[in-house]
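Between the sequences and the hints, there should be enough to build the whole structure, so can you do that?
So the sequences go chain by chain: A and B.
Sequential numbering of the first sequence, starting at 1, is according to our numbering.
Sequential numbering of the second sequence, starting at 1, is according to our numbering.
Relax, there's no trap hidden among the hints.
Some chain A residues well away from chain B (every beta-carbon gap over 10 Å; in silico):
no.: 1; residue: Pro241
no.: 2; residue: Lys363
no.: 3; residue: Met514
Estimated spans, in silico, between C-beta atoms of each pair:
no.: 4; chain 1: B; residue 1: Ala21; chain 2: A; residue 2: Glu411; range: 42 to 48 Å
no.: 5; chain 1: B; residue 1: Ala160; chain 2: A; residue 2: Glu28; range: 31 to 37 Å
no.: 6; chain 1: B; residue 1: Arg102; chain 2: A; residue 2: Tyr82; range: 57 to 63 Å
If you're looking for bench data, these hints aren't it; they were derived computationally from the structure.
Predicted model only: the values in this text are computed from it and were never measured.
Where a beta carbon is used, it is the ideal one built from N, C-alpha and C, also for glycine.
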Amino acid sequence: MSDIAKKEDLAKVDLNPPKKDWMDPKVEFKKGTYNYGSNPGSMKYLGMPFVRKLDPTAEDWELPENWKEIILEGLRDRIKKYRSLRIFMDCCVRCGACADKCHFFIGSGDPKNMPVLRAELLRSVYRKDFTTAGKLLGKMAGARELTVDVLKEWFFYFYQCTECRRCSVFCPYGIDTAEITMMGRELLHLVGVGIDWITTPASNCFRTGNHLGIQPHGFKDSVDFAVDDLEDLTGIRVDAPVNKKGAEILFVVPSADYFGDPHYFGFLGYLALFHEIGLDYTFSSYASEGGNFGLFHSSEMMKRLNAKIYAEAKRLGVKWIIGGECGHMWRVLHQYMDTMNGPADFLEVPKSPITGTTFEHAKSTKMVHICEFTADLIYNNKVKLDKSRNDHWKVTFHDSCNTSRAMGLVEEPRYIINNVCNNFWDMPENTIKEQTFCCGSGSGLGTDENLEMRMRGGFPRANAVKFVHEKHGVNLLSCICAIDKATLPPLMEYWVPGVEVGAVHELVGNAIVMKGEKRTTDLRSQPYETEEPEAEAVKAEEAN
Amino acid sequence: MRLTDLLQQHHEEIVGKWFDAIIAMYPAGSAEFLAKQKDRFRNPVGYTTRASIEAVFDEITGSMDSGELRRALDDIVRVRAVQEFTAAEAVGFVFLLKPLLREVFQKHLGDQILRQEIVDEMVDLETRIDQVAMLTFDKYMECREQLHEVRTKEIRSRSANLIDSLNAGSCVSKCKGEPFNDDA
Chain A
1 MSDIAKKEDL AKVDLNPPKK DWMDPKVEFK KGTYNYGSNP GSMKYLGMPF
51 VRKLDPTAED WELPENWKEI ILEGLRDRIK KYRSLRIFMD CCVRCGACAD
101 KCHFFIGSGD PKNMPVLRAE LLRSVYRKDF TTAGKLLGKM AGARELTVDV
151 LKEWFFYFYQ CTECRRCSVF CPYGIDTAEI TMMGRELLHL VGVGIDWITT
201 PASNCFRTGN HLGIQPHGFK DSVDFAVDDL EDLTGIRVDA PVNKKGAEIL
251 FVVPSADYFG DPHYFGFLGY LALFHEIGLD YTFSSYASEG GNFGLFHSSE
301 MMKRLNAKIY AEAKRLGVKW IIGGECGHMW RVLHQYMDTM NGPADFLEVP
351 KSPITGTTFE HAKSTKMVHI CEFTADLIYN NKVKLDKSRN DHWKVTFHDS
401 CNTSRAMGLV EEPRYIINNV CNNFWDMPEN TIKEQTFCCG SGSGLGTDEN
451 LEMRMRGGFP RANAVKFVHE KHGVNLLSCI CAIDKATLPP LMEYWVPGVE
501 VGAVHELVGN AIVMKGEKRT TDLRSQPYET EEPEAEAVKA EEAN
Chain B
1 MRLTDLLQQH HEEIVGKWFD AIIAMYPAGS AEFLAKQKDR FRNPVGYTTR
51 ASIEAVFDEI TGSMDSGELR RALDDIVRVR AVQEFTAAEA VGFVFLLKPL
101 LREVFQKHLG DQILRQEIVD EMVDLETRID QVAMLTFDKY MECREQLHEV
151 RTKEIRSRSA NLIDSLNAGS CVSKCKGEPF NDDA
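Here is the structure:
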């Protein structure tokens, strides 16, 4: 027995979390929970400073010698420039209303993902260098010295915020933590610290007009390919003009729509709809991207990448613009485009040529969301729809953060879905509309290397989907955001197997009855569930 | 008194203590929220943990049906497999039950705990817990493997789209030396 180790000498597995003060900035870059650094080629192309390949796990980040001075100067500039930032730095009373609203906090249990604490990461440095109390009392006043570890902590946590703004809905002062994250990221970029999933698409976009780097002839090929596909599926050859001068409407979509899966089925839906109503529109091979990864980078980058939209509208001589299904694209178009690159006084106030409806709310930007446009068509009975063609889908709807919270687009998609599907169930009230839970992968965080963090952040959303999946047999999570369509499928695969993801306009494309069509399948080439898909359409026509 | 009766009688107390011990594995700043917020949509981690261990405990004190156990364990392990836990921490929650049960038995049985039939029952109970621990490890591995499959599939589907597009004649080739990324 003397050879047997004593209890206290046994290998220990401690199941208690380490005691840690929030002011301690040390973070561990564990595989699966962070994004790779920017590609030097892309940084160079965009003219970013201090070009190098950043390895977040490295001890030495090869920061410029005067990095601290650059960051503090950058913070000073931004506080002067943005009154909102100054207020957000000063007015938080730490009431805790935001604390349990962040999907990353809820899914991970990491206290630094409470929006209040994530903001404190920046606020503590602000206090130290910009407030008298912080200068005099230091730590006692919640002030922290800016160190390399603090910078690394910023990188870790400002790229664990998807800028979804759910927390801001609950803040009594209206503090927008997304804007604090934006500022944090801008400051990091000043010393050459960024992530590649943002920098390279931004660089591609600056070069070719879209995140994928598709050149104009490639864009034209992609559209033509979709026209061929739609003909195979419906027997109808539609016209999808590119760079048609003098068209009435410019149509701008996120590039994933003509490239990604399941986005592409929504793209086919747009083409079918526009053909059926005889819309005079055009794509632009230069404004070939509605999305704008500049938003996740800096305000200057966002402005640079957005400029092409009004420029192309002007070059092509259109009257107004429609935009496709995308999330962050609409935050930029709805909230920033007008003041960044406007006024678009060469355009007309959008008026539907089919229904005569004037879109007063878009009087200034001159750009209308496709869901607003389609909902108006349906409301005015301008399209023939056969709901039964979507009977194989039991549908729920995920409100994208940007369309719901940044532009209030919550009823139009539901109105459309209810008119093109027989089976729709909303998720619980505190997980949808203004309170929607993010997909967990927005604002440039949807990388495969960051998958574990995405699964944590996406858990609250998946949990609500699981509820309607189990209660009502929901098998389709519809949405109107390109990032959602790319990142919700893996989320569903892990958390709620058996639920597919699809565009709202895919459902429209399935339901729309086209004159002279010959269809036996839906847009995914799946056979219809009912034997006579047109029966209901005929009934609907008789009723009209 | 038999142990099984005691477990039935003190079911709520035991599961409650087990839940508290599991939640204490999270950092102090979040443990309170995870323990107290009862809304299943506002606090899915707390809700899932509670519901899952309730079902696991029912099996430990009941029929130990492996299908039911796997189903019950799936929910809690799926969460812990992607959180900031090592493998030992992720599955270690099962073992938290052992000292807790000993404490409860000591409290309610006093010296009777040394009676042979009670000792036999305790050995049987601890064997059941060990079996649950092994199933938990299987489930953890299943989740981790699935995570890697999901990642591989995501990478594959992105390159497949690129190849499809090239085959269809789209020119998405990059200019030499210029950046390129197939992600949007």
